[in-house]
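Engineer: Listed here are the chains, written in short residue letters.
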Amino acid sequence: MKDQPSAKHANGAAPAFLRNCWYVAAWGSELPPGTHMKRILLDRPILLMRDEEERAAAIGNVCPHRFASLSAGRFQDGLVECPYHGLRFDMAGRCVLNPHGDGRIAERARVHSYPLVERHGALWIWPGDAEAADPASIPDLSFLDTPSPADRAPGYLLTPANYQLASDNILDLSHSDFLHHATLGTAGELAGSPAKARLHGDAVTIEWAFEGKGMVLQRPLRDHADVHTRFEVSWYPAGVMIIRNEVQLAGDPASLKKKAGVHIMTPETARTTHYFFENGEAERKQMLQLALKVFESEDGVMLEDVQANMGGRGFWEMEPLVLSNDSGAILARRVLDRLIRQEMR
Amino acid sequence: MKDQPSAKHANGAAPAFLRNCWYVAAWGSELPPGTHMKRILLDRPILLMRDEEERAAAIGNVCPHRFASLSAGRFQDGLVECPYHGLRFDMAGRCVLNPHGDGRIAERARVHSYPLVERHGALWIWPGDAEAADPASIPDLSFLDTPSPADRAPGYLLTPANYQLASDNILDLSHSDFLHHATLGTAGELAGSPAKARLHGDAVTIEWAFEGKGMVLQRPLRDHADVHTRFEVSWYPAGVMIIRNEVQLAGDPASLKKKAGVHIMTPETARTTHYFFENGEAERKQMLQLALKVFESEDGVMLEDVQANMGGRGFWEMEPLVLSNDSGAILARRVLDRLIRQEMR
Amino acid sequence: MKDQPSAKHANGAAPAFLRNCWYVAAWGSELPPGTHMKRILLDRPILLMRDEEERAAAIGNVCPHRFASLSAGRFQDGLVECPYHGLRFDMAGRCVLNPHGDGRIAERARVHSYPLVERHGALWIWPGDAEAADPASIPDLSFLDTPSPADRAPGYLLTPANYQLASDNILDLSHSDFLHHATLGTAGELAGSPAKARLHGDAVTIEWAFEGKGMVLQRPLRDHADVHTRFEVSWYPAGVMIIRNEVQLAGDPASLKKKAGVHIMTPETARTTHYFFENGEAERKQMLQLALKVFESEDGVMLEDVQANMGGRGFWEMEPLVLSNDSGAILARRVLDRLIRQEMR
Numbered sequence: 202m203k204d205q206p207s208a209k210h211a212n213g214a215a216p217a218f219l220r221n222c223w224y225v226a227a228w229g230s231e232l233p234p235g236t237h238m239k240r241i242l243l244d245r246p247i248l249l250m251r252d253e254e255e256r257a258a259a260i261g262n263v264c265p266h267r268f269a270s271l272s273a274g275r276f277q278d279g280l281v282e283c284p285y286h287g288l289r290f291d292m293a294g295r296c297v298l299n300p301h302g303d304g305r306i307a308e309r310a311r312v313h314s315y316p317l318v319e320r321h322g323a324l325w326i327w328p329g330d331a332e333a334a335d336p337a338s339i340p341d342l343s344f345l346d347t348p349s350p351a352d353r354a355p356g357y358l359l360t361p362a363n364y365q366l367a368s369d370n371i372l373d374l375s376h377s378d379f380l381h382h383a384t385l386g387t388a389g390e391l392a393g394s395p396a397k398a399r400l401h402g403d404a405v406t407i408e409w410a411f412e413g414k415g416m417v418l419q420r421p422l423r424d425h426a427d428v429h430t431r432f433e434v435s436w437y438p439a440g441v442m443i444i445r446n447e448v449q450l451a452g453d454p455a456s457l458k459k460k461a462g463v464h465i466m467t468p469e470t471a472r473t474t475h476y477f478f479e480n481g482e483a484e485r486k487q488m489l490q491l492a493l494k495v496f497e498s499e500d501g502v503m504l505e506d507v508q509a510n511m512g513g514r515g516f517w518e519m520e521p522l523v524l525s526n527d528s529g530a531i532l533a534r535r536v537l538d539r540l541i542r543q544e545m546r
Numbered sequence: 202m203k204d205q206p207s208a209k210h211a212n213g214a215a216p217a218f219l220r221n222c223w224y225v226a227a228w229g230s231e232l233p234p235g236t237h238m239k240r241i242l243l244d245r246p247i248l249l250m251r252d253e254e255e256r257a258a259a260i261g262n263v264c265p266h267r268f269a270s271l272s273a274g275r276f277q278d279g280l281v282e283c284p285y286h287g288l289r290f291d292m293a294g295r296c297v298l299n300p301h302g303d304g305r306i307a308e309r310a311r312v313h314s315y316p317l318v319e320r321h322g323a324l325w326i327w328p329g330d331a332e333a334a335d336p337a338s339i340p341d342l343s344f345l346d347t348p349s350p351a352d353r354a355p356g357y358l359l360t361p362a363n364y365q366l367a368s369d370n371i372l373d374l375s376h377s378d379f380l381h382h383a384t385l386g387t388a389g390e391l392a393g394s395p396a397k398a399r400l401h402g403d404a405v406t407i408e409w410a411f412e413g414k415g416m417v418l419q420r421p422l423r424d425h426a427d428v429h430t431r432f433e434v435s436w437y438p439a440g441v442m443i444i445r446n447e448v449q450l451a452g453d454p455a456s457l458k459k460k461a462g463v464h465i466m467t468p469e470t471a472r473t474t475h476y477f478f479e480n481g482e483a484e485r486k487q488m489l490q491l492a493l494k495v496f497e498s499e500d501g502v503m504l505e506d507v508q509a510n511m512g513g514r515g516f517w518e519m520e521p522l523v524l525s526n527d528s529g530a531i532l533a534r535r536v537l538d539r540l541i542r543q544e545m546r
Numbered sequence: 202m203k204d205q206p207s208a209k210h211a212n213g214a215a216p217a218f219l220r221n222c223w224y225v226a227a228w229g230s231e232l233p234p235g236t237h238m239k240r241i242l243l244d245r246p247i248l249l250m251r252d253e254e255e256r257a258a259a260i261g262n263v264c265p266h267r268f269a270s271l272s273a274g275r276f277q278d279g280l281v282e283c284p285y286h287g288l289r290f291d292m293a294g295r296c297v298l299n300p301h302g303d304g305r306i307a308e309r310a311r312v313h314s315y316p317l318v319e320r321h322g323a324l325w326i327w328p329g330d331a332e333a334a335d336p337a338s339i340p341d342l343s344f345l346d347t348p349s350p351a352d353r354a355p356g357y358l359l360t361p362a363n364y365q366l367a368s369d370n371i372l373d374l375s376h377s378d379f380l381h382h383a384t385l386g387t388a389g390e391l392a393g394s395p396a397k398a399r400l401h402g403d404a405v406t407i408e409w410a411f412e413g414k415g416m417v418l419q420r421p422l423r424d425h426a427d428v429h430t431r432f433e434v435s436w437y438p439a440g441v442m443i444i445r446n447e448v449q450l451a452g453d454p455a456s457l458k459k460k461a462g463v464h465i466m467t468p469e470t471a472r473t474t475h476y477f478f479e480n481g482e483a484e485r486k487q488m489l490q491l492a493l494k495v496f497e498s499e500d501g502v503m504l505e506d507v508q509a510n511m512g513g514r515g516f517w518e519m520e521p522l523v524l525s526n527d528s529g530a531i532l533a534r535r536v537l538d539r540l541i542r543q544e545m546r
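Here the protein sequences line up with chains A, B and C, keeping their order. Counting with this note's numbering, you get residues 202 to 546 for the letters of the first sequence. Counting with this note's numbering, you get residues 202 to 546 for the letters of the second sequence. Counting with this note's numbering, you get residues 202 to 546 for the letters of the third sequence.
If we strip away everything but chain A, and leave its shape as in the complex, we get (with noise of 0.2 angstroms):
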């Protein structure tokens, strides 16, 4: 069976994904121990499956003999049986069993298996080539890491539009004086200070930093008049993101206050993300809840928005006015479609 996506571009060109790349598939409590899930990613169905023994897989969802989900069929004991005829299948994506006629099992009769690591509660699969597949090329999320699974707090919203739509938004913070003004309180601080960004290595960084008031997310400092905020992200192909934010009081190094969070986008389909996104240790749980409201009243609905006023269009097609917020936006995109770019020689 061709293990291709099947959706394409309204204009009818397959859309073009980073093959070569990890990407986050699932948080890896999504996926307790004896279940497996359907999810499409990149366009392609995809099983994620876990055995009882923790160890965690991916390979295609549809059966090569009649294209039925395996999904929708059993998982016991680290295989997964198709509910239409009955073909098992193991956890790397080899037909073990064929119950028909005289049980010979033809050496096609396997569906494509993703490489997959877990790291950082994340399950990262790889959808190009398994022998360029390093997990040494896996981001550092490290800071979400804590003692215990049970401290965790990770969220996932389906946003409504393409990922570099999606990535764009966390590359260009200064949205949040507009978009995020009632709910998070900036009000021209981020849009009003010089943004800087840099490109370092495939990854890319961009800053603000300004005095004034403390935001709303900054509790401690929130009532105070005079704070030195800065906020950072760093992107790494093909959306993992991590943003960083110090809060201190001028003139006051021990107020000193660090938070990250990391927002990772991972493609759906040409029009939807998956969003992974967590904070670190501090206050983990309780913005939970606000992130949800917020990325999804706010940030899912404008996004759509935008999605829909580019029609099928692509993002260069729409010849975009380009504002100096856009610095990191812009250098992300351009790495990203050099990378595409290469793969597709």
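For the record, the hints were derived by calculation from the structure and aren't laboratory data. Do not take every clue at face value.
No copy is singled out in the list; a pair is fine if it fits within one copy or between any two copies.
[Said to hold, decoys possible] List time: in silico EDC-like cross-link candidates among lysine to aspartate or glutamate, alpha-carbon distance up to 16 angstroms:
id	residue 1	residue 2
1	K494	E518
2	K458	E484
3	K458	E412
4	K239	D346
5	K397	D303
6	K397	D278
7	K239	D506
8	K458	E433
9	K397	E520
10	K414	D538
11	K486	D352
12	K397	E408
13	K460	E482
14	K397	D341
15	K397	D427
Please arrange chains B and C on chain A, whose structure you already have, making use of the hints.
Structural biologist: Only chains B and C this time, still in chain A's reference frame:
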């Protein structure tokens, strides 16, 4: 940003609309002072707004920076603020505030401004070349003008079919004998009367005349058996129509009653139409509820069915059977086809 | 008017159906005397009607004048009236009344008339060339015929998948062991039995035979451990199938029980199928409710999933893994592919 329509015909071709023409975008009463609204016109997202001094204007609704809908932002003092990153635009579509970095405003930081004229209680916009926008070419609907806006009773419906199908429907009133038999009461009189159509300039007029029982809608004479009835429909590109109706008792010129109403079809997309309608002074308000009911549940349902049966095919591609009652509609289609072809050269 | 299908394959190509073939359009009992109904068949809107003398007929459902659905108009005395402008058509699709102007009826004022035969309780129509429509090629389903129509218990479902996928499902009964294990009770017997398929003319027959426990549906023998079971499926183009089942106790020829049922797949569109089914006389009515439930909630759900996983791709384009149990379905697909290719030459 490309200020172009995004929707396409089912067959992949861009829908061809006449650009250099005045279109009703809204009734003036839909847009109170200090408000703004979005409307799709000829497949383009457009922002209509009216400031506190009652001046109305129309500009593109998509921010050239990151493609948010301006209609989702605040409108105050004649300025609309983009809800995503805070750019502000005046009523001519010029960016007047960039809250980012050094605040410089690029020359191309603007959205398309549409010539707009408010006349006969309607907001007319011109999607074509601004220098060709001559308000003298707006059809004369002055019979709608009354001393006080409080006397007006304009109607609006979104019709789920192409605007030319909706115009055809008005240009062939004989459908009333069948589609509206139960509600309007004609029973073959219009179909039986020879329909005479003529071309005058780029306008088309078609008329029907018959003797018989007074129609339901002609209240003063409806119980009489011996009534002379005359209908006349005048069409102006791209879809402005006036229906004029005269009834009089046979041999009694003093019994003559005249009515008139407008039926205006503005394309929203290739398959949906903004339908604006209103009667002249007589019985204006009494008629509105009946009209809304009939146009939505009888004409609207029929036109949606016709549109569905056509699929993505064009009218001529359907090789329609032409009857005598089609003469006005066919003349109008030929005028419009010619005007659109001229414009596309 | 072009009497052509309007829907397209996802990949833009028109779906290829075999035209010169009898298709079941409806059960006869769906169309009482004096009624008419619309049905989409092979992507074409078709009007089925039966006059008071019980004669049934099928014509195109789209008025050639302005493309209204004739099914929305009145049907009386064997004439259907277009609900939009009142043209009347007889059961052969000829316009017999034009209420407009001088009432002249053009030669081309007609809709396509489909050869129709009522046989075995079903209305069979022929979408191809009328002169080739020989009722002798209707498969013999006379085992359905019983003395009284009151004894019939025909079933109908709209299946959300291509008709060939629906036929494949019947042509490979081994899926029962997995998909219907809980409802029908087979547990590997069909998959384990070698499936023998053979071609006879343009028909295909495949059979299974095994010894073991009596199946749930074989009520008289279901509690016995030593049962010989035989299944046979015969397929006739484009999608008429008969399932025959025989059971008997080992060494007891007198215990032989036979059952038979029809499973008829008529394409509605490329992705939806009219599924007509009925059992022969034995246990006919008792079986109907179980069949409706199983076919809708088990087969229908599975076929919809398979269709979705195929996206817009064709069956062979999916490069299916072929198993021994596929032999009947593959033979039938090859016959149909050949017949369609011959027709398109």
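Engineer: Run every hint past the structure and note whether it holds.
Structural biologist: Going down the list of hints, with the structure as the test:
| no. | hint | verdict |
| --- | --- | --- |
| 1 | K494 - E518 | neither (32 angstroms within a copy, 44 angstroms between copies) |
| 2 | K458 - E484 | within (12 angstroms within a copy, 72 angstroms between copies) |
| 3 | K458 - E412 | within (15 angstroms within a copy, 76 angstroms between copies) |
| 4 | K239 - D346 | neither (26 angstroms within a copy, 47 angstroms between copies) |
| 5 | K397 - D303 | between (67 angstroms within a copy, 13 angstroms between copies) |
| 6 | K397 - D278 | neither (52 angstroms within a copy, 33 angstroms between copies) |
| 7 | K239 - D506 | between (27 angstroms within a copy, 13 angstroms between copies) |
| 8 | K458 - E433 | within (14 angstroms within a copy, 76 angstroms between copies) |
| 9 | K397 - E520 | neither (23 angstroms within a copy, 51 angstroms between copies) |
| 10 | K414 - D538 | neither (39 angstroms within a copy, 63 angstroms between copies) |
| 11 | K486 - D352 | within (8 angstroms within a copy, 59 angstroms between copies) |
| 12 | K397 - E408 | within (5 angstroms within a copy, 71 angstroms between copies) |
| 13 | K460 - E482 | within (8 angstroms within a copy, 68 angstroms between copies) |
| 14 | K397 - D341 | neither (22 angstroms within a copy, 58 angstroms between copies) |
| 15 | K397 - D427 | neither (22 angstroms within a copy, 81 angstroms between copies) |
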